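Residue numbers (this note's numbering), protein chains in the order written: chain D, -3 to 243; chain F, 2 to 357.
Honestly, the hints are just simulated from the structure, not real lab data.
Calculated lysine-lysine pairs in the DSSO-like style (CA-CA distance at most 30 angstroms, straight line):
no. : chain 1 : residue 1 : chain 2 : residue 2
1   : D       : LYS153    : F       : LYS100
2   : D       : LYS153    : D       : LYS77
3   : D       : LYS77     : F       : LYS79
4   : F       : LYS265    : F       : LYS255
5   : F       : LYS110    : D       : LYS153
6   : F       : LYS110    : F       : LYS79
7   : F       : LYS79     : F       : LYS255
8   : D       : LYS153    : D       : LYS211
9   : F       : LYS79     : D       : LYS153
10  : F       : LYS110    : D       : LYS77
11  : F       : LYS265    : D       : LYS211
12  : D       : LYS50     : F       : LYS79
13  : D       : LYS50     : D       : LYS20
14  : D       : LYS211    : F       : LYS79
15  : F       : LYS255    : D       : LYS153
16  : D       : LYS50     : D       : LYS153
All figures in this text were calculated on a predicted structure; none of them were measured in a lab.
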Amino acid sequence: MRKSWLVFLLSISAYVLAAPVELKVNLRVGNQPLQWGQTYQTPQGQRYQIDLLKFYISEVALVRPDGREVRVDGLALAEFKRDGPTQGVSVMKLDVPAGQYRGLRFNVGVPRELNHLDAGTQQLPLGVNSGMYWAWNPGYIFYRLEGTAALPEGNQKWVIHMGTDAFRIPVRLHDLQTRRVQINIPPGGGGIALNLDVARAFEPGPGGVFVDWRKQSLRQLHGLSPETSLLMSVVYFNMQSAFSLAQ
Amino acid sequence: MRRRPMVWVGLLLGVGFVGWYFWPRSAPPPPVAEPPPSPSSPRILFAERSVPIPEDNPQTPAKVALGRKLFYDTRLSKDNTIACASCHRPEFAFSDGGKPVSTGIFGRKGSRNAPTLTNVGFRRHLFWEGRSPRLELQAVGPLTAHDEMGLEPEELAQRLQAIPEYVQAFQEVFGEPPSLRAVTYAIAAFERTLVSYNSPFDRYQAGDDQALSPAALRGMELFFSEKGDCFHCHVGPDFTDDEPRNTALYTVYKDIGLARATGKDEDVGKFKTPTLRNVALTAPYMHDGSIRTLREVVQHYNRGGEPNLNADALIRPLGLTDQEVDDLVAFLEALTDTSFTTNPALLPPGGQGGAP
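Start from the sequences and build out the full structure, keeping to the hints where you can.
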């Protein structure tokens, strides 16, 4: 009896002592901070700028050293637009017990149970006003990256719109092999900073395939479009390792 | 105690009688054959149908009027050149007359043929692959797509919030400032008024035996016969079952249709059966506008299409003569409703395409 009371009190205290934590994101191109208006090069030498990045983050959980997870409810829409900040941008607020954690996991995307509701009746960050609703398919764009390619015929806009349940991106930033603590949340709360290397999308995939903007059909990577489904898979796998914990 | 066996016998006899009474007889009498339809048989008046209205978007005159203004307003596009009506033109039954694919902002080309909006409020699925469940959500696509109207929700809202007439109208209709969501709700309300049931075929249905030409009458017989076999897919008041089907247009589809959304091999090349109402006004045809004339479409089906593993089971060579093909075309032309394309209530407000 005494033991169950102890567990109850510990649970209550853990809830009461939940610390406010801000999840922040730094956009990177390689290991450099992303700068709007800066021209970068893909590994194949194609020159480009980034104009917009928006993505959903959901099913967040902090992983304790013993492997148990502290799950965080909610879903957030991270938005990065030209002339806005790209470093240390707060994308989600978490309430988690203070303590030490092995790391973090989350998904980039919208959980299946929310992805197929009537978007006309949803509120932000979901709903049609989010700019992420994919009208031809009842579901949302999970990861939306857009930019401009400098091509011989002039600047051309390109987009990568990743969505459909099959392309929800799992991000796992905890060490499965060791119990090494990577995140420390003090009692007063704090922040967890992530780096996101947006250029990972352009890394070549199996057989050397890459996002080649010289081809008009590849300037719009959309879900399961036939000509682009292989490339979408490449981008999808690249994106799984595009996030890292900022040190 | 002694009477119990008698009770059991009685019960058994009762159950036996009930079973005998209700047991189906071995040879039920053959059903009496229905007489074939004749001009004197009762006809259906489709004009009496009413469009289903979603609970969260009740139809009001003010909302319809606002939706009509928005439908014709080019300021809903990034470069102020494209309105909904640019690709859904009233004179072509709200399709994009003569164009295989439409032109969006900055001269960008779309990838699919703009469908007619005739009786669009009755459709259960929207877009060519049928993956949008209702008009309110469908409108988000063209408004935001970068090769159509290309406005971000935020930008669209800011634009409309700078136009006092719109601010007032949205406040009156929705009790809130303009937003993408409210825009789509208003446009959907207007689109539900695009109702067309006054073609020669409808007048014939209403009892005017002279409304259809002899060729159109022969075509109608063929249309609804197993030989012509059009009616299995083009069924109901609007001549569509709203279902996705592969019509064997190609052996290899560049646009994979429904499979783009489902990822399933069996959905490759499936596109929604389009309505045939006003079909004579909506050329060119098929999802990509690749067939120029109605006659060529009928000939495509008459040939049985191209080899395709996903081809609908109903696709096969039909063996229609040239005369029969012409008759079918005559019937399809008799589905044209000119009172729909010239209805002042559906045309640009004030006779102008643009400002509210």
